[in-house]
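**Q** Sequence:
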Amino acid sequence: MVLEIRVMQINKIMLQSIMMGIFLSVLQEISLQKIVKG
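In the numbering used here, each residue carries its 1-based index in the sequence shown increased by 12.
It should be emphasised that the hints constitute simulated quantities derived from the structure, not laboratory data.
This one's a predicted model, so the numbers in the text were calculated from it and none came from an experiment.
Virtual Cβ for every residue (Gly too), placed ideally from N, Cα, C.
Hints are not guaranteed to be accurate.
[As the list claims (entries may be wrong)] Using C-beta positions, here's what the derived DEER-type ranges look like:
| no. | residue 1 | residue 2 | range |
| --- | --- | --- | --- |
| 1 | Glu-16 | Gly-50 | 24 to 32 Å |
| 2 | Ile-42 | Ile-22 | 26 to 34 Å |
| 3 | Val-14 | Ile-47 | 46 to 54 Å |
| 4 | Val-38 | Arg-18 | 25 to 33 Å |
| 5 | Val-19 | Glu-41 | 26 to 34 Å |
| 6 | Val-14 | Val-48 | 47 to 55 Å |
| 7 | Val-48 | Gln-28 | 28 to 36 Å |
| 8 | Lys-49 | Leu-15 | 48 to 56 Å |
| 9 | Glu-41 | Arg-18 | 30 to 38 Å |
| 10 | Asn-23 | Gln-45 | 32 to 40 Å |
| 11 | Gly-50 | Val-14 | 48 to 56 Å |
| 12 | Ile-47 | Leu-15 | 45 to 53 Å |
| 13 | Gly-50 | Ser-29 | 40 to 48 Å |
Modelling step: build the complete structure from the supplied sequences, incorporating the hints.
**A** Spelled out as structure tokens, the structure:
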């Protein structure tokens, strides 16, 4: 039971970090395009 909770927490953290990585790379893409078009 305790193990299941821990696995769920780890999955949540992994999901959040993946989402954060995607978000940051999208932001970089947008700022790069603005600089190029600028």
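**Q** Next step is simple, just say for each hint if it's right about the structure.
**A** Now for the hints, and whether the structure bears them out:
1. For Glu-16 paired with Gly-50, a C-beta distance near 51 Å fails the hint of 24 to 32 Å.
2. A hinted range of 26 to 34 Å for the beta carbons of Ile-42 and Ile-22 is consistent with their spacing of about 31 Å.
3. The supplied range of 46 to 54 Å is met by Val-14 and Ile-47, whose beta-carbon atoms lie about 50 Å from each other.
4. Range check, Val-38 to Arg-18: Cβ separation about 31 Å, and the 25 to 33 Å hint holds.
5. Between Val-19 and Glu-41 the CB atoms are about 33 Å apart, so this pair conforms to the stated range of 26 to 34 Å.
6. The supplied range of 47 to 55 Å is met by Val-14 and Val-48, whose beta-carbon atoms lie about 51 Å from each other.
7. Remark: the range hint 28 to 36 Å for Val-48 to Gln-28 is upheld by a beta-carbon distance near 31 Å.
8. For Lys-49 paired with Leu-15, a C-beta distance near 51 Å keeps the hint of 48 to 56 Å intact.
9. Look at Glu-41 against Arg-18: about 35 Å separates their beta carbons, and that is inside 30 to 38 Å.
10. About 33 Å separates the C-beta atoms of Asn-23 and Gln-45, a value consistent with the hinted range of 32 to 40 Å.
11. Judged by the Cβ atoms, the range 48 to 56 Å given for Gly-50 and Val-14 holds: they are separated by roughly 54 Å.
12. Checking the proposed 45 to 53 Å range against Ile-47 and Leu-15 shows it holds: the Cβ atoms sit about 48 Å from each other.
13. Range check, Gly-50 to Ser-29: about 31 Å between beta-carbon atoms, so the 40 to 48 Å window is missed.
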